[in-house]
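Line by line, the protein sequences are chains A and F.
Counted from 1, the first sequence has number 992 at position 141 by my numbering; the numbering is strictly sequential.
Counted from 1, the second sequence has number 400 at position 366 by my numbering; the numbering is strictly sequential.
None of these hints come from the bench; they were simulated from the model.
Please note: incorrect hints may appear among the correct ones.
[What the hints assert, rightly or not] Taking lysine to any residue and the SDA-like style, the derived pairs with C-alpha atoms no more than 25 Å apart in a straight line are:
#1 Lys1058/A / Leu1114/A
#2 Lys1058/A / Tyr1077/A
#3 Lys1058/A / Gly184/F
#4 Lys1058/A / Arg939/A
#5 Lys1058/A / Ser449/F
#6 Lys1058/A / Ser1026/A
#7 Lys1058/A / Arg182/F
#8 Lys1058/A / Asp941/A
#9 Lys1058/A / Pro165/F
#10 Lys1058/A / Glu937/A
#11 Lys1058/A / Leu856/A
#12 Lys1058/A / His990/A
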Amino acid sequence: MPWVLRGLRDGVVTTRYPRRPDGYGALFDGAITVLSPAPAVDRQTGGDPEIPAGLCPTGAIFVDDDSAQTVRVDRGRCILCGRCVEGRPDLFAFVPDTETAGLTRTALVVPPSPGTEEETRAVRSELARRVRGLRRSIHIRHVDGGSDGAEEAEISALTGPIYDIQRLGMFFTASPRHADILLVTGVGTAGMTEELRRTLEAMPDPKVLVAAGTDAVSGGLVGPTYASLGGIGALVPPDVYVPGSPPSPFSLLHGLLLALGLLPDDRRTR
Amino acid sequence: MTGAALTVRMAPQELAEAVAQEVRSGRRFVALVATAADDGSTALQAVLASDRDLTVLACQLPPGVRSYPALTPLVAAAAWYEREIHDLFGLVPSGHRRLDPLVLPRSGEDLPRPGARRGPVSVELDVTGLPAHVVGQGVFTIPYGPVRSGVFEAVEYLVETVGEEIPHLRTRVYHKHRGIERRFQDLEPADAVLLAERVEGTATVAHALAFSQALEQLADISVPRPAALLRVAHAELERIATHLDSVIRHTEGAGQAVANARLHVHKERLMRLRARLCGHRFGRGVVVPGGVSGPPRLAPSEANGELGALQGALRADLHALMTTPSFLDRLRGTGAVPTQVATDHGAVGPVGRGSGLPGDVRADRPYGAYGHLGFEVATGHREGDALARQRVRLDEIGQALHLVRQALDELDETSDDEWRRPTPVVDGSVLSSVEAPQGELLYLVEVTEGRLTRVKPRTASFHNLAIFHEAFRGDIFTDFVFIEASFGLSMAGVSG
C-alpha cells in the first residue's frame, strides 16, 4: 500500500516528445556543428583552411576537395570530445541538438553535402514502404556488438517513466523471433559477428537495423582493431544511424521514430 | 602515493614462489600483467597490495622463451590473468591446469602482444575448442547469452544444471574483446585519455582519472586544488549512478514496479545534473591530464541545492525499498560469497566489502582530494550475499553524496581559479590506481620516447568476475538476476 501512494507522488514525469519538443535537450552538448558562414578559406592565399592536424582524434572533420573548401563534420565519427570547439571556437561549436539520427551515413554530415537530400529521400521512401505493416506495436531486440557499456545504460533509461517508449507502442523483446527492430551498439567485435548475423537471420521480415552510438556507426575512437570492425556497417548496412558517444536517450528515441516514420512532418528533415 | 610502487626483479623461475610467499605473508594478489617488447621478449609484472601500498614483482622472459612456471597452482587468483596472457601473448604458464581461452579464442600464431610496436591487423577467432563439457546423469547445459532477454552487455553464461539448481557455471567473455590495450598504443598520450573513458562506460570518470594520474605521476606534477575537488565530485556522481543501476536491476528482477520506476526517475535526474555540470551525461571530457577541462558549468551552490533535493527523495525511496520484505527475501542468502573465498581471491569493490573485506583505494592509498575529505568506507557487512552487497552500495551512495557536497561546498568558497596544469609527457613506467564504482581500478602506463608503449587497465570487473561462479551455492535460476546485478560488473571492462 505505501508503494501505491509513493508511485503517485510526483505526478506525470514523462516527456511529451515527439509531440512537443523537450527542453531538456538544451541542457547538454548534444552535437557539434560548423559555424556558418564558415570562415573556411583563407581568401588571400586561397590555401587550405587551417585545420590543425590532430584537431579531431577520430578524423571526423574534413574539408571539401572542390574550390569552395567547405569544412564539414561527420557526426558519425564524432565522439563529442570538444577538441575542435576548444581549438577552433571560430569554426566549431556545440549545439544542444538531440535529433541527431540519420537514415544514411551521409545524412550525419553537417553541413550536408550536396545531393544528401535526394539520397535520403529515396532511402526514406523505401524504408517507409518496408515498415508500413509494423504500425503501432513495435518490438525491439537489443544486441551488444562490443560497446563500452554506456550505450546499454542509456537504452535502459528508455524503459523508465521519463522516456517511457512503451507509450509510443515500442517494447523490448527477449526473442529475435518477435523483433521488428534490431538495435545494435558497439564497434562490431569479431566475437559478436556470428551472433549478430544469426540474430538478424532469426528475425521475421520486415526488419529494421539501427546502429546506436558512434562506435556502432563508425568505430569511433575504438575501432577498427585486430578484434573489431569500424562499426557494424561493415557487417550489415544499418537502416538508421544514431551518433553519440553514447547517444542520449532522446537521440535514441529520435532514431527509433525516424526508422518508423513516426516523427511529426516538420522534423523529418534527416 | 599511488605510483610509488616498489619493484623487485627476479628470474622467471622464481616469480611464482615469490608471489606465493607474499600472499602467504598477507598481501593481496592484485594483478599479473605482461608487456611484449619488439625484440620478442616479454616482461611479467605481478602486482601485490598491502593495506597501504603496492609492490611489483617483475621478471623478463627472453626472446624465444614461451613458458614460465605458472602462478595459478600456488595463487588461484592468478588463474584468469594467466589465461588472458596466454590468449594475447601466447605464453604458456606451465602447471596451469585449465588454460582455456578467455578473452580471445584464436587460431594461428599472429598474436596481439600488447607492448610490441607491431601487431596483427586481424585475428582469426576459433571457438570450437572452448570447453562445454557436462558430466553426470540428467545434467545439461543452458547457454545464456550473449544475446539474451533484456538490455545487457554481451556475455555468455553456460549454466550446467539438473533442472533448477545451478551447481556449476562457466563464463565466456570473449564476445566483447575489442583489442583496447593495443589501441592505446596508436594514440597520442593527450588523446588516450578519451580512449580510457571508453574502456568501461559506466566507470568513465574513474578510468580517465586513473590514466591521467599515471601521466601526472610520470611528470611529477600535482593537480590544482579546485581540479582535484571537481574530480571527486564527478567520480562520486558516477559511483552513485552506477550503484543506482545495480539497485534498479534488483528491483526489476524482484518485480518491484514502483520502486523501479522511482529509481529510474532519480537516476535520470542525476544524469541530468551531471550533464549540467560538464555538458556530458557520463562526465566524459572532464578529467584530463593535469586537472580538469574547466570550471563547472553550473554554480556549485546550485548543484548542491539540486543534490540535496535528490538526496531526500532517494533516502525515502531506498528506505521504503529496504523495508519491503518481498524485496529483501529475494536478496537474503542469495549468491553468497564466503569471506574466505573473497579473501583468497582478493575480491575488490562492493563484492569484497559485502564479504567483509574493508579494502577501498580511496582510504588505503588516498589520491586527489580524498585525503582531505571526510567519508567512511562501507564496512560492517560480512554476509557476502546479494543483500550485503546491496547494503554496501546503499551506504556508498550516502557517502558519495556526502563527498560531492563537501567538494562542491569548497568549490563554492574558493577563489582559486586554476583548473589545469601543463603536463609534459615524461618517459617511464608507472602504476596508478583509483576506486571505481566496481572497485579497485589499476592502470599500468609505460611511456617511451614520448609515446605510449603499454597501457594496461586492470578493471575491478575483470578481477571480480573470476569468482562469479563461486556465488552459486544452491542457488536456482530465478536467483541469477540478483547475483549478476549485485556483482554489478561491466563486461566491456572484462573483455578489454
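Checked hints:
The suggested pairing of Lys1058/A with Leu1114/A holds, with an alpha-carbon distance near 19 Å, which does not exceed 25 Å. For the given pair, Lys1058/A sits about 30 Å from Tyr1077/A by alpha-carbon distance, which is inconsistent with the 25 Å threshold. With a C-alpha separation of about 19 Å, the suggested pairing of Lys1058/A with Gly184/F holds against the 25 Å cut-off. Distance check on the hinted pair: Lys1058/A and Arg939/A sit about 42 Å apart at the alpha-carbon level, beyond 25 Å; violated.
Annotation: proposed proximity of Lys1058/A to Ser449/F is violated, straight-line Cα distance about 57 Å (limit 25 Å). Note on Lys1058/A and Ser1026/A: the hinted pairing holds, with a Cα-Cα distance of about 14 Å set against a maximum of 25 Å. The suggested pairing of Lys1058/A with Arg182/F holds, with an alpha-carbon distance near 18 Å, which does not exceed 25 Å. About 43 Å separates the Cα atoms of Lys1058/A and Asp941/A, which puts this hinted pair outside 25 Å; it is violated.
Pair hint Lys1058/A plus Pro165/F does not hold up; C-alpha atoms about 34 Å apart against a cutoff of 25 Å. Proximity of Lys1058/A to Glu937/A is assessed by CA-CA distance (about 41 Å); at most 25 Å being required, the pair is judged violated. Simply put, Lys1058/A and Leu856/A have alpha-carbon atoms about 41 Å apart, too far for the 25 Å limit, and the pair is violated. Proximity of Lys1058/A to His990/A is assessed by CA-CA distance (about 10 Å); at most 25 Å being required, the pair is judged to hold.
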